[in-house]
Every structure is written in structure tokens, then in C-alpha cells.
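Sequence order for the protein chains is S and L.
Residue numbering for the first sequence follows the working numbering, starting at 5 and increasing by one per position.
Residue numbering for the second sequence follows the working numbering, starting at 8 and increasing by one per position.
Quick list of the computed label-pair ranges, beta carbon to beta carbon:
no., chain 1, residue 1, chain 2, residue 2, range
1, L, Phe67, S, Asn9, 21 to 29 Å
2, L, Ser34, S, Glu21, 33 to 41 Å
3, S, Gly100, L, Pro77, 15 to 23 Å
4, L, Glu60, S, Pro85, 39 to 47 Å
5, S, Val88, L, Pro77, 39 to 47 Å
6, S, Gln18, L, Phe76, 45 to 53 Å
7, S, Ser81, L, Pro77, 41 to 49 Å
8, L, Gly23, S, Ser61, 45 to 53 Å
9, L, Leu90, S, Arg64, 39 to 47 Å
10, S, Gly44, L, Leu89, 22 to 30 Å
Bear in mind the hints are in silico, worked out from the structure with no lab data behind them.
All C-beta atoms, glycine included, are put in the ideal place defined by N, C-alpha and C.
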Amino acid sequence: GQQLNQSPQSMFIQEGEDVSMNCTSSSIFNTWLWYKQDPGEGPVLLIALYKAGELTSNGRLTAQFGITRKDSFLNISASIPSDVGIYFCAGQLGAGNNRKLIWGLGTSLAVNP
Amino acid sequence: DAGVTQSPTHLIKTRGQQVTLRCSPKSGHDTVSWYQQALGQGPQFIFQYYEEEERQRGNFPDRFSGHQFPNYSSELNVNALLLGDSALYLCASSLRSQPQHFGDGTRLSIL
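When you get a sec, could you build the whole thing from the sequences and use the hints?
See the structure below:
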């Protein structure tokens, strides 16, 4: 199936460090989304980006919609143990009630207290 | 305010059987999408339902079918189950162009 290029695949960091991950695609998307998924649960929306160049923050999280509309990055500042989980990027094709999300393979984050 | 709810949470079937998974959307949402997530992978889009019709479909065979009811709830049906159908099946709901909200999924195991 179609999937985005997401990197890194996994990260192991010390508590307090900053984290950066990104997604790239050969396709142009009208929306980029970042989700976090904990074991046994569904993905939870972190940040939604709707315009090329848009930079949006949600607490310690910051994400940007690339100018080319083919990439996006997510930064987490001052990581804490509860940041552990798998982070997914998703690009949206279509709009309204006629759309679908294409997902990355995820970045697994481990935080050492 | 209940979020997206899915049932059952876990299910074990054998090859060749048929299965039906259910989803109730978040209150106020009218669009339901289904995704398949294999272990260690990102979700793969199966299809989306709005106004009781399939609006978009991913690259899945006809063995995968769905339905949306007037109350916006939805079912995913899979016929002639294969070992490769073992996965977490996620339902997501949304309203118009707002981002999709996900349920916790149904873990389907095929023996």
C-alpha cells in the first residue's frame, strides 16, 4: 500500500532532550497531520496543518507544513517520559467527505528518565 | 461525550470465515473511515462512508465491504478471511473537513 517516508524509524533519548522527526512524499497533500499512538490504543491527533509554510505549536510540540507541500516535520521540546509512543505523520488527499489519509510508517520514541 | 467506539476489541477467526466489525462515530460526526494497521506499520486506508455511501476506497479487494447506517454508525465486513488479514482495524470519524478522530480498534487474529 501507499505510505510516506518517515524518519527516523526509532529514537532513544534522555529526558529533557529535544526531538525532531520528518515525513516526505512524492505526492502533494492539502493537509498534513501528526498523530501519536500508544500501545493498544488508536492514534490521537496532535497537530493539523492546512497551508504550505504553516508553523503550528501545541504545547511542547511544533510542526510545519513544507513549502513544496510534499513534506512536514514535528519537533518535541524538553521531552518527558510520557512522550513515549509511536508518532505518525499522515497526508490528506481529497477534501470534506471524500478524502483519505496516507500514513508514514511511524517513529518509535523512547525516553530515558 | 463519547468518542469513537469500536466492537469487539479482540476477535479470533479461522481462514475462510467471515467477520463483521462495528463502529460508532463520535457524537456529531457524520463520516466514517476504516483503516487496516498491520503490526509495525502505519494504517492503510480501506474506505470512507458518508450519507450511507462509499465515497473513497483504498487498494483493498472486494472481500472488504462496508455499510453505514442512518445513525452514522458503520460496519466493516471481510469475507473469505486470509492469514494476512490479521491486523488492527481502526475506525475514524469526522465532520466535514475537520480532522479524523480514531477509535481504539479491533484486533483481528486469523488462525
